[in-house]
Amino acid sequence: MPIILEIVTPDSVVFSEEVEHVVVPTVNGKIDLLQRHIPIIDRIMPGDIKIKSKKEEKILAVGSGFVESYGNKVSIITDQAMDVSNEDEQVIDEAVARAKASLKEGKKSNMDQAQIELLEAAARFEMAKKIARKKSG
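Residue 1 is where the sequence shown starts when you use my numbering, and the numbers rise one by one after that.
Misleading hints may appear alongside valid ones.
Label-pair restraints from in silico Cβ distances [said to hold, decoys possible]: (1) I40 / A97: 31 to 37 Å; (2) E105 / G29: 30 to 36 Å; (3) K30 / Q113: 26 to 32 Å; (4) E120 / M1: 23 to 29 Å; (5) K52 / M111: 38 to 44 Å; (6) D112 / D11: 39 to 45 Å; (7) V27 / A97: 35 to 41 Å; (8) A101 / V8: 29 to 35 Å; (9) K100 / N72: 38 to 44 Å.
It is worth saying that the hints were derived from the structure and are not from the lab.
Glycine included, C-beta positions come from ideal geometry on N, C-alpha and C.
Please work from the sequences and hints to get the whole structure.
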């Protein structure tokens, strides 16, 4: 019996399908969620999510958020998620460099902590895209 995986961002439902299992990066390490997994709620760290279905294996990049597993359903609520398998690596590398430069400038300026944290989150998501792209082929 497969599990139902749903990945939701503030803008849309990014993924909603039956899968065999999903590996999620959490603050407590990577968790491999299979059918009949114990109920769990954990915080997601920006990184790559590995999704295995009968048809294929897919890698998605995600930002910060939460994962909940209950019964045969896994719900991921995140600020950002995307399939980067078709993204140009050079474009991703340029985005990583811009995010790091913005963060560096933000730390030098008089930005408040909340703005710095937003820049850090953006930089972590760009790095997650880079990692996911390398893993997806």
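Against the structure, test the hints numbered earlier, and report the numbers of the ones violated in rising order. The structure breaks hints 4, 6, 7; every other hint is satisfied.
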